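A.B. asks: Spelled out from the first residue to the last, the chains are:
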Amino acid sequence: MSAKLIMKQVTKTYGDGAATMSVLNKLNLEVKGGEFVAVLGPSGSGKSTFLSIAGALLTPTSGEVAIDGESLKDKSKGELTRLRLEKIGFMFQSAQLLPYLKVEEQLHYVAKLAKLDAKESRERASYLLKRLGIWERRDHYPEKLSGGEKQRVAIARAWMNKPAILFADEPTASLDYKRGREVVSMIADEVKQEGKAAVMVTHDERMLEWCDRVLRLQDGVLIDM
Amino acid sequence: MFLALREMRHAKARYMLILVIMLLVSFLVLFVTGLAKGLANANISAVENMPAGYFAVQEDAGHIFRRSMLGEQELKVARSVAGEEGATPLSLQMSTITADAGAAGDKGLKADVTFFAVDMNGLLAPSGVKGERITNETKGQVIADEKLERLGVKIGSFITDQSTGKSFQIAGFVKNSSFSHTPVVYMNPQDWLEFRQGTAGGQGAAASFNVIALHITAEQAAELSGKLNHAEVITRQQAVSSIPGYSEEQGSLMMMIVFLFVIAAFVLAVFFYVITIQKTSQFGILKAMGTKMSYLGWSVVGQVMILSAGSLAVSLLLVLGMNMALPASMPFRLEPLTIVGTSLLFIGMSLLGSLVSVIRVAKVDALEAIGRANA
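Chains as they are written, first to last, in the working numbering: chain A, 1 to 225; chain B, 226 to 600.
No lab work stands behind these hints, which were simulated from the structure alone. Any given hint could turn out to be false.
[Unchecked claim] Listed next, the in silico DSSO-like pairs over lysine-lysine satisfying Cα-Cα at most 30 Å (straight line):
1) A/Lys77 x B/Lys237
2) B/Lys588 x A/Lys112
3) A/Lys144 x A/Lys32
4) B/Lys391 x A/Lys32
5) A/Lys77 x A/Lys115
6) A/Lys75 x B/Lys517
7) B/Lys391 x A/Lys112
8) A/Lys115 x B/Lys588
9) A/Lys102 x A/Lys8
10) B/Lys517 x A/Lys119
11) B/Lys237 x A/Lys73
12) A/Lys162 x B/Lys517
13) A/Lys115 x B/Lys301
14) A/Lys8 x B/Lys517
15) A/Lys8 x A/Lys26
16) A/Lys102 x B/Lys588
17) A/Lys77 x B/Lys588
18) A/Lys102 x B/Lys301
19) A/Lys115 x A/Lys162
20) B/Lys237 x A/Lys115
21) A/Lys162 x B/Lys588
22) A/Lys32 x A/Lys73
23) A/Lys130 x A/Lys144
24) B/Lys301 x A/Lys87
25) B/Lys517 x A/Lys144
26) A/Lys130 x A/Lys119
27) B/Lys379 x B/Lys391
28) B/Lys517 x A/Lys87
29) A/Lys112 x B/Lys301
30) B/Lys588 x A/Lys75
31) A/Lys73 x A/Lys8
32) B/Lys301 x B/Lys237
[As the list claims (entries may be wrong)] Covered stretches of chain B (in silico footprint by chain A; criterion: 3 or more residues with CB under 8 Å from a CB of chain A, positions within the stretch not fixed):
33) 230-244
34) 508-516
Given the structure is predicted, the values throughout are model-derived calculations rather than measurements. Yeah, the Cβ is synthetic: ideal placement off N, Cα and C, and Gly gets one too.
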């Protein structure tokens with residue numbers, strides 16, 4: 001299968017002159033469809049920077065990033081926003097659902113942004129919610145959901161627009177061990193079923209069972225484990 | 226609007242509170258505006274309703290009608306430019322009158338009025354008279370503002386000028402004819418002459434009057450200005466704002482209205498700014514997920530529009546309802562044009578207030594979404 005994410009010689013430095021600090025140093029990564037990659041690293045190792053650059057939120061100082069075969073180079077802010085909407089699914093720490101949208105509306109909102117028609121959006125939402133076992137909770141506000149349920153909604157939201165790749169930022173951080181494992185296995189299921197790619201950044205080494213590849217971010221590069 | 230509406234639905238209490246504040250402010254705006262217009266009307270409607278756009282007044286009179294004194298000489302010059310019909314003299318005199326007991330209840334009535342002497346065939350002849358019209362030939366008959374009728378004076382009854390003792394019979398009433406908050410009493414020039422001769426210093430009144438009302442164009446006004454030696458030509462607006470008390474009265478009300486508009490803008494600005502700051506990380510998430518900045522900006526503007534338009538609609542109903550309940554003697558006046566103008570300005574000021582928040586939303590970086598533990 002084709003590569004969903006390619007990062008070539010990506011470098012990111014902060015500061016200028018004598019005080020420069022390289023967070024990423026000629027980092028290379030390729031993630032194919034159907035592949036679930038975990039990136040480990042202690043806090044401060046540049047995981048957030050790595051994820052921001054891979055997720056088209058931040059431009060690297062040098063090097064190239066391509067998502068689903070599309071290079072991010074020379075794209076305007078608006079084009080990057082569009083690309084994030086269509087090609088990338090995000091999962092954030094502690095789910096980050098919108099407090100004023102019901103579960104189903106969380107999914108309809110991203111579908112609306114991507115200009116999916118209402119019928120298609122409803123079908124897709126019910127398919128995802130049923131598969132993730134939260135269909136019965138579709139009319140609830142996030143405040144009524146447990147942490148695990150919230151992350152399941154976040155998974156559904158991330159997959160809603162059929163992105164090429166999913167980026168998960170510490171998806172298990174706010175969950176206990178059992179719930180955390182559940183969530184990770186669900187991400188893995190989706191990746192296999194839909195032939196998509198996923199990159200999960202975590203510091204929790206107990207969650208790696210379903211990952212195809214585990215990498216460690218160290219000194220600005222990724223090392224196979 | 227997907228987000229804007231659902232957010233308001235979810236935080237009803239919060240948005241209700243701000244709606245009530247906006248409602249009170251917009252109600253006050255409309256009410257004070259109506260009061261200002263009503264007072265203006267009660268004050269100077271006689272001048273405001275004149276078909277004359279310009280007035281010639283004596284040069285050193287400071288635009289004040291009562292201080293001005295012009296003669297045949299000026300009238301001749303004015304008529305040479307404006308034509309016979311376009312220039313007509315106006316004399317006025319403020320006075321106190323009494324109405325006989327039979328006409329105005331048991332105790333009789335004392336009231337301040339302003340006598341206007343006008344050519345009954347000319348530009349300033351009172352129109353829309355209820356009762357009988359008077360002509361230049363009638364003797365001892367006058368037409369008064371409706372306010373006198375509300376005080377109990379009836380058609381056919383007599384009013385007596387306190388200083389001269391002259392009596393006039395009320396022939397009819399006209400609407401909206403006030404000068405300096407007093408009802409106007411119209412008489413013909415012939416009666417005026419007799420009236421003035423009765424007062425001290427009435428000598429030489431034969432060929433003099435206070436001002437000349439002019440129905441002319443701006444060019445003609447400029448031309449006339451050049452020709453008149455001891456008089457100047459002023460617009461009706463200049464004349465109105467020089468009526469003693471008018472500028473002060475309107476000025477203080479205007480200041481209140483301006484402050485209310487500014488308060489409305491600031492209340493909204495602060496409210497939305499605080500909410501926006503509170504939601505910074507939410508906006509970061511939304512942007513990371515691929516929401517365009519313009520979408521989020523319009524979402525804020527949409528909420529402001531809903532709040533200000535909603536509160537305006539309710540306060541309009543309240544003001545109109547109150548207007549019907551108010552007694553006729555209360556000077557309150559809201560015309561459709563004023564309502565539309567005020568409403569647009571109010572919504573405009575609200576949008577101005579929301580601008581700070583929109584800028585704030587624009588500045589939120591999608592990067593905020595990554596590496597954050599708390600919502």
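A.B. asks: Does A/Lys87 sit within 30 Å of B/Lys517, going by the straight-line distance between their CA atoms?
C.D. replies: Cα-Cα ~15 Å, so holds.
A.B. asks: Is the straight-line distance between the alpha-carbon of A/Lys115 and that of B/Lys301 30 Å or less?
C.D. replies: 77 Å, violated
A.B. asks: Decide if the proposed pair is consistent with the structure: B/Lys517 and A/Lys144, CA atoms, cutoff 30 Å inclusive.
C.D. replies: 29 Å, holds
A.B. asks: Can the restraint linking B/Lys237 and A/Lys115 be considered satisfied, given a maximum Cα separation of 30 Å?
C.D. replies: At roughly 28 Å apart (the allowed maximum being 30 Å), A/Lys115 and B/Lys237 satisfy the hint.
A.B. asks: Does the alpha-carbon distance linking A/Lys8 and A/Lys26 stay inside the 30 Å limit?
C.D. replies: This hinted pair holds, its Cα atoms lying about 7 Å apart.
A.B. asks: Given the hint that A/Lys162 pairs with B/Lys588, test it: the Cα-Cα distance must not exceed 30 Å.
C.D. replies: Holds, because 29 Å separates the two Cα atoms, which is no more than 30 Å.
A.B. asks: Confirm or reject the coverage of the segment 508-516 of chain B by chain A under the rule of 3 or more residues with a beta carbon closer than 8 Å to the chain's beta carbons.
C.D. replies: Contact hint for the segment 508-516 of chain B vs chain A: holds, 7 residues under 8 Å.
A.B. asks: Checking one constraint from the list: CA of B/Lys391 to CA of A/Lys32, max 30 Å. Satisfied?
C.D. replies: 109 Å, violated
A.B. asks: Take a quick look at whether A/Lys162 and B/Lys517 sit within 30 Å of each other, Cα to Cα.
C.D. replies: Holds, because 19 Å separates the two Cα atoms, which is no more than 30 Å.
A.B. asks: Is it true that the CA of B/Lys517 sits at most 30 Å from the CA of A/Lys119?
C.D. replies: 23 Å, holds
A.B. asks: Given the hint that A/Lys102 pairs with B/Lys301, test it: the Cα-Cα distance must not exceed 30 Å.
C.D. replies: 82 Å, violated
A.B. asks: Between A/Lys75 and B/Lys517, does the CA-CA distance stay at or below 30 Å?
C.D. replies: 15 Å, holds
Hint compliance for this structure: hints 1, 3, 4, 7, 9, 11, 13, 18, 24, 29, 32 are not met, and every other hint is.
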